Amino acid sequence: MAFVRSLLKRLPEPVRKIMLKHRELLRFAVVGGICFIATNVVNYTLKLTILNAHPVTALSVAVIIATILSYILNREWSFHTRGGRERHHEAALFFLISGIGVALNSTPLFISRYFFDLMVPNVSLVTQEVADFFSGMILGTLLAMAFRWWAFKKWVFPEANARTRTTRTGRQLRAVRDDEDLAA
Numbered sequence: 029m030a031f032v033r034s035l036l037k038r039l040p041e042p043v044r045k046i047m048l049k050h051r052e053l054l055r056f057a058v059v060g061g062i063c064f065i066a067t068n069v070v071n072y073t074l075k076l077t078i079l080n081a082h083p084v085t086a087l088s089v090a091v092i093i094a095t096i097l098s099y100i101l102n103r104e105w106s107f108h109t110r111g112g113r114e115r116h117h118e119a120a121l122f123f124l125i126s127g128i129g130v131a132l133n134s135t136p137l138f139i140s141r142y143f144f145d146l147m148v149p150n151v152s153l154v155t156q157e158v159a160d161f162f163s164g165m166i167l168g169t170l171l172a173m174a175f176r177w178w179a180f181k182k183w184v185f186p187e188a189n190a191r192t193r194t195t196r197t198g199r200q201l202r203a204v205r206d207d208e209d210l211a212a
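For the sequence shown, the working numbering assigns the number 29 to the initial residue and increments by one for each residue that follows.
For the record, the hints were derived by calculation from the structure and aren't laboratory data. None of these values were measured; they are calculated from a predicted model. Accuracy of the hints is not assured; some may be wrong.
Stated by the list, open to error - Lysine-lysine pairs mimicking DSSO-like chemistry, simulated, CA-CA at most 30 Å apart:
hint, residue 1, residue 2
1, K181, K49
2, K37, K181
3, K49, K182
4, K181, K45
5, K37, K49
6, K45, K182
With these hints in hand, go ahead and build the complete structure from the sequences.
Shown next, in the form of C-alpha cells:
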C-alpha cells in the first residue's frame, strides 16, 4: 500500500484523480494481466506438449485455470469492497459468467483454425502460431474481458461499498469509496 501511495503522489494531479476514480477498473486490469500471463504459460505448456493436436482444448484448460485465479484475485482485491450476495451465490455467478467468458475467449481461435483453416499444412507453422496468438490470446481475451467487466459489476458484485474488512485485532474497517483520496 505504501508503494501505491508513493506512486500516486508522483503522478500529476489530473492523472491521479483519474486513477483514483477508476481504481476498481485498474485493479481489474492488473488481475487481467496476471491471468493473461498465467493463461499464456499454461496454454503454451499444454499446446507444445500433451495437447499439441488440440489447441482449442489447451486454450480452454488454460482459461479455466486462470479463471479460478481470477476469482480469488478479483474477489479479494479488485472488487474487495463490492458484494451484495452470499458467497456461494457470488461464486456460482462468477463461474457461470466466466464460463461464458471461456466460450467467448475460445470463439476467435475456433474461427481462425476451423473456418479460415489457418493451420498447418494450409499455412506455415509461424503463420499458424501468429494467428493462434492474435485470435485466441489477444482478440479472445479482449472480448471476454469486456464481457466479464460488465457482467461482474452488474451481477456478481452489484453493490458498491457492501463489504468491510476486519483487522487482526477484530476492528471493522469501512469500505473505501472510489471518490476518497488515498493520500490521507
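Status of the hints after comparison with the structure:
Restraint check for K181 and K49: the C-alpha separation of about 16 Å stays at or below 30 Å, so the hint holds. Between the alpha carbons of K37 and K181 the distance comes to roughly 29 Å, so the proposed pair stays at or under 30 Å and holds. Between the alpha carbons of K49 and K182 the distance comes to roughly 18 Å, so the proposed pair stays at or under 30 Å and holds. Of the supplied pair hints, the one linking K181 and K45 holds, its CA atoms being roughly 21 Å apart against a limit of 30 Å.
Pair hint K37 plus K49 holds up; C-alpha atoms about 15 Å apart against a cutoff of 30 Å. A threshold of 30 Å between alpha carbons decides the hint, and for K45 with K182 the separation of about 24 Å falls inside it, so the pair holds.
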